[in-house]
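Position chain B against the provided structure of chain A, taking the given hints into account.
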Amino acid sequence: MATGSQPGRKGRGRAKRSVVPPFRPTALRLLAHARSGDKGNTANVGLIALEPEYYPLLVKQVTPARVARHFKGMVSGVERFELPNLSALNFLLHDALDGGGTISLKTDAQGKVYSTALLRMEIPVPAALARRLRRE
Amino acid sequence: MSERVVRIAAGQGFWGDWLEAPVRQVQGGPIDYLMMDYLAEVTMSIMQKQKSRDPRAGYARDFVPLMERILPEVVARGIRVTSNAGGVNPPGCAEAVLEVARRLGLGGKVRVGLVTGDDILGRLDQLIAAGHPLSDMETGRPLAEIRDKVLSANVYLGMAPIVEALRGGADVVITGRVTDTGLTLGPLVHEFGWPADDWDRIAAGTVAGHIIECGAQASGGNLLKGWRSVKGLADPGFPIIEASADGSFVVTKHPNTGGVVSVASVTEQLVYEMGDPRSYITPDGVADFTTIRLRQSGRDRVRVSGIRGGPRTPMLKVSIAYFYGYKAVGTLVYAWPEAYEKARAADRILRQRLKDLGLEFDQILTEFLGVDATHGRLAGKPHPDLPEVQLRIGVRARERAPVERFTREIAPLVLTGPPSVTGFAGGRPAVEEVVAYWPALIDRRQIEPGVRVEIVGA
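If you read the sequences in order, they're chains A and B.
FYI, the numbering used here numbers position 3 of the first sequence as 3, with every residue one higher than the one before it.
Offset between the second sequence (1-based) and the numbering used here: plus 136.
Same shape as in the complex, but just chain A (with noise of 0.2 angstroms):
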């Protein structure tokens, strides 16, 4: 069920195509919550819908690709897990952690924040649903 992919692989023309209306781009930070953590040098993220009825969108349209784009220059790698039951998807983005534990250098050396750096992505979202989630 895993699918991966390598940053920047992908050119920016296939998302841009998907974005047309009634899409709009809508900050993920609106339709999921999200928690991170680490195992050695990589880092993972739950993302979650935040209700039930987001998360095919979530499938659809957070890919792996996506991500890897998202993280580019940060990872090296993003790899993709599906929970429908909790409506979740899981990502291990590798290489993220400069080295990790106590190795890292880094203020976020254990991943923590990578969640809510996930949730600054914008994906197209139908133009209704947007407006909608806008407004709340």
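Just so you know, the hints here were simulated from the structure itself, not pulled from any lab data.
Given the structure is predicted, the values throughout are model-derived calculations rather than measurements.
Here a beta-carbon is modelled for each residue, glycine too, at the ideal position from N, C-alpha and C.
Covered stretches of chain A (in silico footprint by chain B; criterion: 3 or more residues with CB under 8 angstroms from a CB of chain B, positions within the stretch not fixed):
#1 34 to 45
#2 67 to 78
#3 88 to 98
#4 112 to 119
Same frame as chain A, but now just chain B:
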């Protein structure tokens, strides 16, 4: 027919967690077990460092005064404690707890179950010679490459020795490197008599353990969804599992405590430090997180059911700590105006000086707190009028000398660099020894015969 329920309360989520939590868990309502997890991957290396300075140290020292506070009530009510506070020195930890029991006049009333056999430091050469490479699970490199730098090697044991200690009548079970989840699964297997190969129930108990192993992180602490509406975090209720014989359980907390137990709070904890959700591997079995069903069944009550699991693997994980080198981190604060520009100029000057001195580092990492320390370039361009920025620069090297010299290059920037700088009152940054983590696998048949469970009385 009232169904039998076993209550397991989380008392500590890591070494350094809220000291009042175990006391609140014991006093706040009925519980059968108090589970206290002290060991993160990094923790073992810290304990090892302490033990190398003092052979009596190397366990979670906080555990002892904590037990002193709760032991009288724990004994009176028959609450049993499971903890991996023993770190790299479980006998030292057990002795300290028994000493406390004697001092409290509870001599003879407290039986400590002492679990050893996770420590394989003395067997490494023999194991390598016998064809067990103990390769790094991340890089694949064989342990032989760093053998002379190894400081500790501990196998993650599962629930079996905890079950054995409880069967032997232990009131307090003290272990070394036992999995966090084993501390919860052990009591459940003991109470319900689950067969060790009942993989679905083993998986269920493992998931229960995962949910409470980080303490309040499952009951409103660090909860992102609706964080403003989480009330009472000055006195958070730590999570409690109410388990049933069929493997289903409720996550809850004591009444009149802060925080929240919701589907969101439990889900955030479930995904924490997750790898492949279909195979959450422990020494006891493999849990499939894609089978977990969550349902809000009442206020601060989440019902967890449906969990499926698979057979345990023939391998056990080994946590090896080795001496890596040295690091230091220095900080300075630059004030408005042009705070970020000044901090960046200071970073350039410092790097030039390190270069001119001919110092060699494995890594020099600069972060600007207030600009990019948490989200890197994703944070975007900083506001031009930032009130202040903290320059944080770290170095790492195999040798001590360059790191030592680096620590003397921070303060001089105050009088020889960009203006409006402050925040150096802490003095020279400390040189830290880096003890790093090397995860490996070993055939369980090499380990299990050496696991010992002793019951020691006061």
